[in-house]
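J.: First to last, the protein sequences are chains P and F.
The first sequence begins at 1 in my numbering and counts up by one.
The second sequence begins at 1 in my numbering and counts up by one.
Hints are computed from structural coordinates only; laboratory data are not their basis.
Beta carbons: idealized from backbone N, C-alpha and C, even for Gly.
Where hints are given, some of them may not hold.
[Said to hold, decoys possible] One-sided and incomplete, this derived list gives chain F residues near chain P with beta-carbon spacing under 7 Å:
| id | residue |
| --- | --- |
| 1 | G18 |
| 2 | G321 |
| 3 | S418 |
| 4 | V423 |
| 5 | V568 |
| 6 | A576 |
| 7 | T579 |
[Unchecked claim] Label-pair distances were calculated between CB atoms; the ranges are:
| id | chain 1 | residue 1 | chain 2 | residue 2 | range |
| --- | --- | --- | --- | --- | --- |
| 8 | P | G272 | F | R140 | 28 to 38 Å |
| 9 | P | E374 | F | C25 | 29 to 39 Å |
| 10 | F | V593 | P | D408 | 23 to 33 Å |
| 11 | F | R407 | P | E374 | 34 to 44 Å |
| 12 | P | R318 | F | D406 | 46 to 56 Å |
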Amino acid sequence: MSEGEAYLDIVWRQFKKNRLAYFCLWPTLGLLLTAICAPLLASNVPLVFFDGRETIYPWFSSLFNPAESIDFVFNMALVSLAPWVAVAVTTNWWQRRRGVPGRRRAAAVFCEFLLLTVAAAGVFSFAAMRPLNRFSLRDFPTEEFESHGEKHGVYAVLPFGPIEQDLDSRFEGPGYRAADSRAVTKSNQHRTHWLGTYTAGEDVLARIIYGTRISMSVGIVAVGIYMAIGIVVGAVAGYFGGGPDMVISRVIEIVLLFPALFLILTVVALLGQNIFYIMAVIGITGWPGIARLIRGEVLKQRSLDYTLAAQALGASHRRILFRHILANSLGPALVSVPFGIASAIITEASLSLLGLGVREPAPSWGNLLHTANEDYHRWWLVVFPSIAIFITVTLFNLVGNGLRDAMDPRLRI
Amino acid sequence: MLSYILRRLLIMIPTLFGVTVVSFCVMQLAPGDPVLSQLNGASGQSTQTPDAYQLQKHDLHLDKPLVLNFRYFHDYSPEMAAAAHYLSLTSEEILAELPSLAERPDDPTNASRLRFLRGLQISEFTARLIDSERRENLSRIIPRATSVLLQDIGENGVRAGIELLQTTNDQKLKLGAINCLGRMVPEPFKYVYTLPATDAETPDIVAVWKLWWGKNQDKFPPLEKEAREWLAEKLADMAKSPANVDRGLTEITDGNDADSAPRFFAEKLLRDSSLAEKVAASAYLKNVFSKPLVTDLPLNAGPADIAEAESNWMEHERLYGSVYRPGLLSKLGYVVGDTQYAFMLKRLVTFDFGRSTIKTHDPVSKLIWEGFVVSAPLVFLSELLIYLVAVPLGILCGAFRGTKIDRGISLVLFLLYSIPPFVAAMLFLVYFCFGDYLTWFPMYGLHSQNADNLSWLAYLGDYLWHAFLPVVCLSLFSLAAIAMYSRSSILDVIGQDYIRTARAKGLSEPVVILKHGLRNAMIPILTLFSSFLPAMLGGSILIEVLFSIPGLGWLGFNSIEQKDFPTVMALLYIEAIVTLISFLITDLLYVVVDPRISFSGRGRSA
Numbered sequence: 001m002s003e004g005e006a007y008l009d010i011v012w013r014q015f016k017k018n019r020l021a022y023f024c025l026w027p028t029l030g031l032l033l034t035a036i037c038a039p040l041l042a043s044n045v046p047l048v049f050f051d052g053r054e055t056i057y058p059w060f061s062s063l064f065n066p067a068e069s070i071d072f073v074f075n076m077a078l079v080s081l082a083p084w085v086a087v088a089v090t091t092n093w094w095q096r097r098r099g100v101p102g103r104r105r106a107a108a109v110f111c112e113f114l115l116l117t118v119a120a121a122g123v124f125s126f127a128a129m130r131p132l133n134r135f136s137l138r139d140f141p142t143e144e145f146e147s148h149g150e151k152h153g154v155y156a157v158l159p160f161g162p163i164e165q166d167l168d169s170r171f172e173g174p175g176y177r178a179a180d181s182r183a184v185t186k187s188n189q190h191r192t193h194w195l196g197t198y199t200a201g202e203d204v205l206a207r208i209i210y211g212t213r214i215s216m217s218v219g220i221v222a223v224g225i226y227m228a229i230g231i232v233v234g235a236v237a238g239y240f241g242g243g244p245d246m247v248i249s250r251v252i253e254i255v256l257l258f259p260a261l262f263l264i265l266t267v268v269a270l271l272g273q274n275i276f277y278i279m280a281v282i283g284i285t286g287w288p289g290i291a292r293l294i295r296g297e298v299l300k301q302r303s304l305d306y307t308l309a310a311q312a313l314g315a316s317h318r319r320i321l322f323r324h325i326l327a328n329s330l331g332p333a334l335v336s337v338p339f340g341i342a343s344a345i346i347t348e349a350s351l352s353l354l355g356l357g358v359r360e361p362a363p364s365w366g367n368l369l370h371t372a373n374e375d376y377h378r379w380w381l382v383v384f385p386s387i388a389i390f391i392t393v394t395l396f397n398l399v400g401n402g403l404r405d406a407m408d409p410r411l412r413i
Numbered sequence: 001m002l003s004y005i006l007r008r009l010l011i012m013i014p015t016l017f018g019v020t021v022v023s024f025c026v027m028q029l030a031p032g033d034p035v036l037s038q039l040n041g042a043s044g045q046s047t048q049t050p051d052a053y054q055l056q057k058h059d060l061h062l063d064k065p066l067v068l069n070f071r072y073f074h075d076y077s078p079e080m081a082a083a084a085h086y087l088s089l090t091s092e093e094i095l096a097e098l099p100s101l102a103e104r105p106d107d108p109t110n111a112s113r114l115r116f117l118r119g120l121q122i123s124e125f126t127a128r129l130i131d132s133e134r135r136e137n138l139s140r141i142i143p144r145a146t147s148v149l150l151q152d153i154g155e156n157g158v159r160a161g162i163e164l165l166q167t168t169n170d171q172k173l174k175l176g177a178i179n180c181l182g183r184m185v186p187e188p189f190k191y192v193y194t195l196p197a198t199d200a201e202t203p204d205i206v207a208v209w210k211l212w213w214g215k216n217q218d219k220f221p222p223l224e225k226e227a228r229e230w231l232a233e234k235l236a237d238m239a240k241s242p243a244n245v246d247r248g249l250t251e252i253t254d255g256n257d258a259d260s261a262p263r264f265f266a267e268k269l270l271r272d273s274s275l276a277e278k279v280a281a282s283a284y285l286k287n288v289f290s291k292p293l294v295t296d297l298p299l300n301a302g303p304a305d306i307a308e309a310e311s312n313w314m315e316h317e318r319l320y321g322s323v324y325r326p327g328l329l330s331k332l333g334y335v336v337g338d339t340q341y342a343f344m345l346k347r348l349v350t351f352d353f354g355r356s357t358i359k360t361h362d363p364v365s366k367l368i369w370e371g372f373v374v375s376a377p378l379v380f381l382s383e384l385l386i387y388l389v390a391v392p393l394g395i396l397c398g399a400f401r402g403t404k405i406d407r408g409i410s411l412v413l414f415l416l417y418s419i420p421p422f423v424a425a426m427l428f429l430v431y432f433c434f435g436d437y438l439t440w441f442p443m444y445g446l447h448s449q450n451a452d453n454l455s456w457l458a459y460l461g462d463y464l465w466h467a468f469l470p471v472v473c474l475s476l477f478s479l480a481a482i483a484m485y486s487r488s489s490i491l492d493v494i495g496q497d498y499i500r501t502a503r504a505k506g507l508s509e510p511v512v513i514l515k516h517g518l519r520n521a522m523i524p525i526l527t528l529f530s531s532f533l534p535a536m537l538g539g540s541i542l543i544e545v546l547f548s549i550p551g552l553g554w555l556g557f558n559s560i561e562q563k564d565f566p567t568v569m570a571l572l573y574i575e576a577i578v579t580l581i582s583f584l585i586t587d588l589l590y591v592v593v594d595p596r597i598s599f600s601g602r603g604r605s606a
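Extracted from the complex, chain F is given alone in its bound form:
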């Protein structure tokens, strides 16, 4: 038994994996840009800057390849050379260069640049290049497209960028390489602690500020004794709690000692001090000097600026260079691990479904929980109804097989089986709810408007009144199916020898059927219980939409209609898992209810 459960659980792993693959494929079909829909809601009206777009893209890992990432094995130096070339030119210079690209495409330099430009996937690139009137437009697009490409390459290209920076002597190209590095690593240095702060970050942060202090310490006047005491007081206050930091910052900036304060804080940061003091000091310095080390340059930068930026990037390489040179094993790991699919898998496994793209941007898990709270009682009630009605009906038919009762009930059941639930629901709505005929039941929702003021008994009554028709509609199909199933199941049992024995003992017919027959006939029926549950969670879409009940089905339909794909994917995934678990429970129930079945042997027949 235990080994059987273990085997089932093991089989669940590839199945779950397959479920995530299917979810991933379905989501790849989704039209539109997922980044835009995350940023602007499903309506897709663009209100965001390109930078916000790129940041969001990076956060969602959409700049990674889909399933296999070979970027760690790719040598980016050709791309980097071309990209550095284009990022060092103004659009006028690019425009001046384009005719030679169009006229002499076979020239070696031109050929490699053309290969790079084609890789940027600019629409109608060749047509724009040939047509001299459209070149101006193209020259403005090229730097932008290059930036996007570099942002997508990200840290994979840093090594090639640094190498280019080191090897080239051309100042222009150095400038371009520095700009390339700036696009690939938007924040090269760590200036402040991420809260809550830990000591692990201290060496990096101190090293960065040390570098800055070495270059700039002469700019600040020496500290007076009074100023030192006043600043020490402020620092102690700021170190007490992160909430005081902002207030401290404004007080110091507005105070008399603003000029010499950086010296005090830099000394504090670089010498012995507590972690809290270091956090406050680095926050102050970052606040005053927003980009202390130059890592990005304008296109007209002079040689001194270039040299400084280059030395800063070298420092970056010294501090973090090992990250860009992963070993072979980590590279192999990144091939499958650093991809869109891997990140989605990680999120699905940890049940982190992100946020809905509908205006309010609620977390998907919250939406699903709210839907579940509404749907679960409905499904439970209809299961109750099904078993309370269907099983007795089935037994009745079985006991009176061949008589008029049996035929009549079977016919009714068959008709019920053929009525689609939504047809029944709409007929009910027209004749029992809408008011043109009868107004016995409400049309919408699960509660009256004043439901919150009712006593609990009246509240329950109100709920049942609202839930009656939806529950009936949900139940019709399964009710007929289970009744027919239990009828045939009872008929199977009645043909057995032990029933004949029971009759031969002289037991009355009800005792024979209810006591001897029922228990064995119930085995297959009870196990159906768990398999109908997920089917109804998924299948209640129509009923919930028609009766305007904000349950899981309604949520699913709404998110499909409003193209809220994170919610759709989460629902598909969760319902698949619920179904999987209920399959498992079904199999285990077999064993519990029927001791004749055991899974210790070679397993069941197919």
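The following block holds chain P by itself, in its conformation from the complex:
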């Protein structure tokens, strides 16, 4: 195993040399953080609310009862952020004292985060474990406004929710403030809609922030699905050759023949517009590319001496394939992960743009574009989601470029 570690260390060192890619890695992680922390950035539920008699904390309990199941997972990640920092600092300190190498420690910290999120999602998926949902029916901005100064709330950075409606300010341009033009009924209507409003007066900035969740989750889950399928199928084809290879190669060729977007559109239209179907369908149609890459690599590695040595030592097929060969042939497939995420994000946005993606009122970037396509006067519904998509795609592509260069032995110095 120690050779494998050394290899990844080399890759990381090379990656850091590419300053542009290294610089882009942090905003990319920042996007993920934005997705997780979306309720901290934009929410119409106050973090702290003084309702005249007592002080309540409705924001925290609202985290456990979101409208969409995607939101629930991200909220659980948000809830486990604070414990994670504590756990991560402690284990990091402990491992550093024991002399565990840096890459190992980073992996441990990452795994802890995943574990905590999954644990939180598991525990709180039972309604009995959640904090009492006492405030879900209360409209705090209205309460605050109508109390004439008796009640006070402390809100998130942006005091608008992604599906909070305001029917009197539909399709207003950027910089619109409801209080400027009419009598208001909510305290947050004194605040500016920096990026304008949407169909039912929802704040576009809040929708873009929450849209990060949909894009990120579709990208990561879809790529996860097709990497898993592609690696296993490609490895089997390359390692066993002969009949399995013939069959799998034909299947790969067949799936590659169909125009991807059209096939995805068809299947999503047939199955129904659900974010999980979209993830699954992108995953299921995307694997042949990965499988082909892995198959080629495995074919190359199979004929090398170390495989022969492993065979001579009597290792089982499974051990040789997954322990020895696959560890050495994952490189090219890993490079395509960031590119894959970028293209999955584009695919999701295209589906929503065509009106066949995530259903309203879920705040997908593509949905904003879909609405803009009905009337191009609403330029802010084109420009801002476009910028969001462009930035996300560019970041992932740049990271992918950096990773490719770092893994390419010809460019190694």
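Place chain F on chain P using the hints.
T.: Only chain F this time, still in chain P's reference frame:
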């Protein structure tokens, strides 16, 4: 080389087969009833009778099993006995029988009948059977469901039906068996020729009418001489052309000799006469006696009717019985050949995609051709643009590698690579088309409204004006990809020894790169040409929808949205085939452009 092409073509066969399997699976996911959507359009408002439904179902072969048909090996006699029982009873009689089924389900007769009724797949059957208030409804459903089952079984059950008819002595059961046969074979006898007529059908048709004539000849008065001459004249007229037949029919029916005319025509048909005369005569007889031989009976039919219908079915068995007793080999063939999948395969292979389910019911192939005519020039123009811009840019970057020019162009290319085409299209629409900012380009379509009146030059200009933005949007992504690709390709070539040799000879840098480097660098780029073509045909959905261009992508999106599945399947299939062919062309281009590559050996590495 030739053997390589042959091998590739051979591999194409299983691949094509797989493509049809995938198309079939995708279509099986389609919600709703395909028969209804074919009959009523995608909106699905039912305006059709159950008979029309069954006929359409039969025409589309949707009464067959999906992939394997074992019906030819199945013995249908138990089903036929139960079905005959239920088709001989009125709904009141069925209602009277139901309580005993509910109370004594273990009785042998009751058990077999219950097994049959459960097989009818009536919803909530058990609940309806037990609940005495819902039984009346059930008793009316049972005969209808039995009929549908028999229609789906079709000719596979005829043998069992005939056997039942022969063996049973119970008049009621005989009646039921006759009705069963009538459901399975809606048209047991061939009375008229299918046009254009051939002599091959003559024996069957003559035999049927002979049977009828034998039973009925006494009913018609003998022929007068004048009537015979007049009818002969009419027959000669009708025999001249099929178009005269209808007029002849009305004239004879309205004429004085209508009573004795059937005798004349029957004699003509049964004796020596030309094919055209036989066609006209059979058409006349069928027109007058719409169902000459009784094969269907009402539930209150008497013994004489039953005996007559039975003898008619026996005649049917004598004429066509061999069809219902296929040999073992044909049975094995039917296992895979007589299925929904096999019929779809046949239609796909012959490029017969049927009709669209959208209101006008246009043939799918016509819709696709219309879309292709629009899309192909767009794709061609954007390919042209891509190669005219991308390759020089790539060469420029390669030639000036590491300089500011290279970095600048690479950065721009990278940004282009990251802009999704639909984002670019929407930004263009907002800023260059819509009118809030600039109105340089039109928003919709490929032609102005008055385009037909323009001179060809103005027409071309109008087309290019409309096509400019869509073509640019289509090209952006591939343009960046190919430019980056040709840059790295040129860089690879520049590192080669022969370039150093060329430089050492004292050639100038442009000559070195353009004359020595370019040709070799072009090999991988040129071969990309064919692989981008299908990708763009399939990938232009968004651009065509955004710019409202009625091409293939727009057609695909529209048919998905309106649930027009025949068109969707045809598009998937055709695009897969186009891609397959272009893969083949790509491989062959390699050989043509680069003589170093040959496929005569053990083949390429993976």
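J.: So, for every hint listed, does it hold in this structure?
T.: Right, here's what the structure says about each hint:
no.	hint	result
1	G18	4 Å, holds
2	G321	44 Å, violated
3	S418	4 Å, holds
4	V423	4 Å, holds
5	V568	6 Å, holds
6	A576	4 Å, holds
7	T579	5 Å, holds
8	P:G272 <-> F:R140: 28 to 38 Å	35 Å, holds
9	P:E374 <-> F:C25: 29 to 39 Å	35 Å, holds
10	F:V593 <-> P:D408: 23 to 33 Å	26 Å, holds
11	F:R407 <-> P:E374: 34 to 44 Å	41 Å, holds
12	P:R318 <-> F:D406: 46 to 56 Å	48 Å, holds
Of the hints listed earlier, the one the structure fails to meet is number 2.
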